[in-house]
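J.: Spelled out from the first residue to the last, the chains are:
Protein chains: 2
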Amino acid sequence: MKLAILGSTGEIGTRALKVSESLKECEILAIICNKNWKLFAEQITKYNPRYAIIRDSSSYKKLRNQMHLNGTKLLNNADDILEISDKHKIDTIIGATIGTTFLRLNYELIKLCKRFLIANKESIVLAGRLFMKKAARHGTQIVPLDSEHFGLFSLINAHGTDFSRIYLTASGGPFRTYSRNQLKNVTPKQALNHPIWKMGARITIDSATLMNKAFEVIEASYLFNVPGDKIKVVIHPESIIHAMIEYPNGAFFAQMSLPRMEIPIKQAMINGNRNRNISPKYRMDFHQIKQLTFDEVNGWTPAVKFGIDALKKGGSFPIALNAADEVAVESFLQKKIPFLKITEIIEKILNNHKPVEPKTISDILDVDSNVRKETSELVKHN
Amino acid sequence: MKLAILGSTGEIGTRALKVSESLKECEILAIICNKNWKLFAEQITKYNPRYAIIRDSSSYKKLRNQMHLNGTKLLNNADDILEISDKHKIDTIIGATIGTTFLRLNYELIKLCKRFLIANKESIVLAGRLFMKKAARHGTQIVPLDSEHFGLFSLINAHGTDFSRIYLTASGGPFRTYSRNQLKNVTPKQALNHPIWKMGARITIDSATLMNKAFEVIEASYLFNVPGDKIKVVIHPESIIHAMIEYPNGAFFAQMSLPRMEIPIKQAMINGNRNRNISPKYRMDFHQIKQLTFDEVNGWTPAVKFGIDALKKGGSFPIALNAADEVAVESFLQKKIPFLKITEIIEKILNNHKPVEPKTISDILDVDSNVRKETSELVKHN
Numbered sequence: 016m017k018l019a020i021l022g023s024t025g026e027i028g029t030r031a032l033k034v035s036e037s038l039k040e041c042e043i044l045a046i047i048c049n050k051n052w053k054l055f056a057e058q059i060t061k062y063n064p065r066y067a068i069i070r071d072s073s074s075y076k077k078l079r080n081q082m083h084l085n086g087t088k089l090l091n092n093a094d095d096i097l098e099i100s101d102k103h104k105i106d107t108i109i110g111a112t113i114g115t116t117f118l119r120l121n122y123e124l125i126k127l128c129k130r131f132l133i134a135n136k137e138s139i140v141l142a143g144r145l146f147m148k149k150a151a152r153h154g155t156q157i158v159p160l161d162s163e164h165f166g167l168f169s170l171i172n173a174h175g176t177d178f179s180r181i182y183l184t185a186s187g188g189p190f191r192t193y194s195r196n197q198l199k200n201v202t203p204k205q206a207l208n209h210p211i212w213k214m215g216a217r218i219t220i221d222s223a224t225l226m227n228k229a230f231e232v233i234e235a236s237y238l239f240n241v242p243g244d245k246i247k248v249v250i251h252p253e254s255i256i257h258a259m260i261e262y263p264n265g266a267f268f269a270q271m272s273l274p275r276m277e278i279p280i281k282q283a284m285i286n287g288n289r290n291r292n293i294s295p296k297y298r299m300d301f302h303q304i305k306q307l308t309f310d311e312v313n314g315w316t317p318a319v320k321f322g323i324d325a326l327k328k329g330g331s332f333p334i335a336l337n338a339a340d341e342v343a344v345e346s347f348l349q350k351k352i353p354f355l356k357i358t359e360i361i362e363k364i365l366n367n368h369k370p371v372e373p374k375t376i377s378d379i380l381d382v383d384s385n386v387r388k389e390t391s392e393l394v395k396h397n
Numbered sequence: 016m017k018l019a020i021l022g023s024t025g026e027i028g029t030r031a032l033k034v035s036e037s038l039k040e041c042e043i044l045a046i047i048c049n050k051n052w053k054l055f056a057e058q059i060t061k062y063n064p065r066y067a068i069i070r071d072s073s074s075y076k077k078l079r080n081q082m083h084l085n086g087t088k089l090l091n092n093a094d095d096i097l098e099i100s101d102k103h104k105i106d107t108i109i110g111a112t113i114g115t116t117f118l119r120l121n122y123e124l125i126k127l128c129k130r131f132l133i134a135n136k137e138s139i140v141l142a143g144r145l146f147m148k149k150a151a152r153h154g155t156q157i158v159p160l161d162s163e164h165f166g167l168f169s170l171i172n173a174h175g176t177d178f179s180r181i182y183l184t185a186s187g188g189p190f191r192t193y194s195r196n197q198l199k200n201v202t203p204k205q206a207l208n209h210p211i212w213k214m215g216a217r218i219t220i221d222s223a224t225l226m227n228k229a230f231e232v233i234e235a236s237y238l239f240n241v242p243g244d245k246i247k248v249v250i251h252p253e254s255i256i257h258a259m260i261e262y263p264n265g266a267f268f269a270q271m272s273l274p275r276m277e278i279p280i281k282q283a284m285i286n287g288n289r290n291r292n293i294s295p296k297y298r299m300d301f302h303q304i305k306q307l308t309f310d311e312v313n314g315w316t317p318a319v320k321f322g323i324d325a326l327k328k329g330g331s332f333p334i335a336l337n338a339a340d341e342v343a344v345e346s347f348l349q350k351k352i353p354f355l356k357i358t359e360i361i362e363k364i365l366n367n368h369k370p371v372e373p374k375t376i377s378d379i380l381d382v383d384s385n386v387r388k389e390t391s392e393l394v395k396h397n
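Top line first, the protein sequences correspond to chains A and B.
Counting from 16, one number per residue, gives the positions in the first sequence under the numbering used here.
Counting from 16, one number per residue, gives the positions in the second sequence under the numbering used here.
If you're looking for bench data, these hints aren't it; they were derived computationally from the structure.
Among the hints, erroneous ones may be present.
Note that identical chains are pooled: a pair holds if it fits in a single copy or bridges any two copies.
In silico EDC-like pairs for lysine to aspartate or glutamate, Cα to Cα no more than 20 Å straight-line [stated by the list, open to error]:
1) K320 to D300
2) K305 to E253
3) K61 to E40
4) K245 to D300
5) K17 to D94
6) K247 to D300
7) K76 to E57
Please work from the sequences and hints to get the whole structure.
T.: Spelled out as structure tokens, the structure:
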């Protein structure tokens, strides 16, 4: 299986490479990163990919001059992955970059692979409809990599689409039990301390505000063609149940595992073949787990409602939601605004958003860019 | 869909009739009961089956002389169901009688229907191998009706047979938190007070000793062709998760619902079509459920071990286990032996059991009868 990993030095990319070690049919055709050249150099040495693309020019030069490439072709332009994928008849692409940088490239790659494993939230939140349409046109399978959507993917594939509701679980983040008053002065450091998952900075803050669930609701809607009013979020602090589906007869099915990203990543990479022994550290023992608890979504955050509303209003609302959130989170991390201001700013942006119906990736990126500017302005005058 | 219900006046039979009201394609071809003629008369009036068979002769005479049958043909011989099923090309038979009385009849009926929904534990525990072989030979689907096996049936059909383990949950019964010492003097009345499920007397006592899980382990092994060492029992007092399957990649799938027998019964009756609205009282709300807990099997009972051992030893051991348990439970209900003696007597019987390899239903009934006698003797001299 020929594999390319976009974002190989990130949280998902490093895990995917690690997982590939245990899959002997995996051939690492290409890895791509932005600028973390030290880790990238280690990955080139260890995994000896045929191609390695690093986007940052000075990082590229450092690598080119300093390291022994052992046959790996080092490149500087991410777009080269298009030609590489086409020429080598690639099987599987893991899209694990952060933000919108690779949005267009991801979209182009859909037609060049058999399976696109997607961990780039923006691709689905901003362009989910376009992505799913294109995948259907080219017979490419889109497989979500985050635990909740991978859980839904497994459940819906197995049990069918005649469900009455789907459920995404949420750990509730570090501030689950806080009152609004206690949240007034929480610091970025506190917000970055997630109880369960180790992730990048923005997604960790999004987990604290629960904005991550707003985006996951939107992703679930696009990935599985489900209207927002059939998607529920339930707080489940142990993060053992990742997703559930409910059928009209009152039966539920749940997908569960220890909260380790390696499990969905490996499962997705081996194309549904579960017949592999796993490391004992991923084995779940119900006698140790003792209990699974459930609660309503933290009352202080309107985040989930934002997601469902954005779906209902449609058009460019999901794009605006993401752009406003990204700028607001960045402003919080830079201590320009307090924690509770994040969702307040998003709400203001949404209330003033003049929706358009984006037809192309360019349309989407235009909305994204405009809303970012608006949000930055709003932060400045705050 | 032409339906016959064997044991229509029992806990499962009455629910199946009730469920049939909401399924307009259901035609009640025949109902059969033992001797509860008052309830049977109500069922004949309400559901107007084409045939109604009551086994007890004096009850039969009462009905024949006293009630207006409105076209229903009243019969006295259970074996008539064979001819009826054959003549009318029956679709679905619900085998919901108690004990071994209908074992041979159930076995004969497999070849005369398309789907056999089985709630008669003895058919599978005593003759599971014979039943499954015959069903395969005739292309008849065997669908278990109890919540745990129906959960497994749904999960395995959906997710495939490449699992590493299957899990049956157990409420733990009324004595879950008792010490051995506290159990010495518990009365039949206390033991009949099950925290979750309303069931017949023997199965309720079996739930208190956890012998029901011994039988369920055996049933699961035969129904799904799984060796005993891949079957686990986990205590789950809320009885929301009915069954789970674990795959080698560390992922679990669980089937859940409120603990209402109507849910698997209806689902099984409509042949997998879940697209029906259900009564709001069967809707599960995770915000109300709050928590699901898990624990190891009650330390004071060797029951689950008995089941796994009986599977491992094979031959007639499962038959002996059932016969010994039935006599021991009856003796407890008649206050001939104390509660803890139930499993002690079973253990003695198993230790002295000379296994045979039963090839026919007659062989099975011989073992059953012999072990019952042995157990009665043991109780007498206790």
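J.: Which hint numbers does the structure go against, in order from smallest to largest?
T.: Checked against the structure, no hint fails, so every one of them is satisfied.
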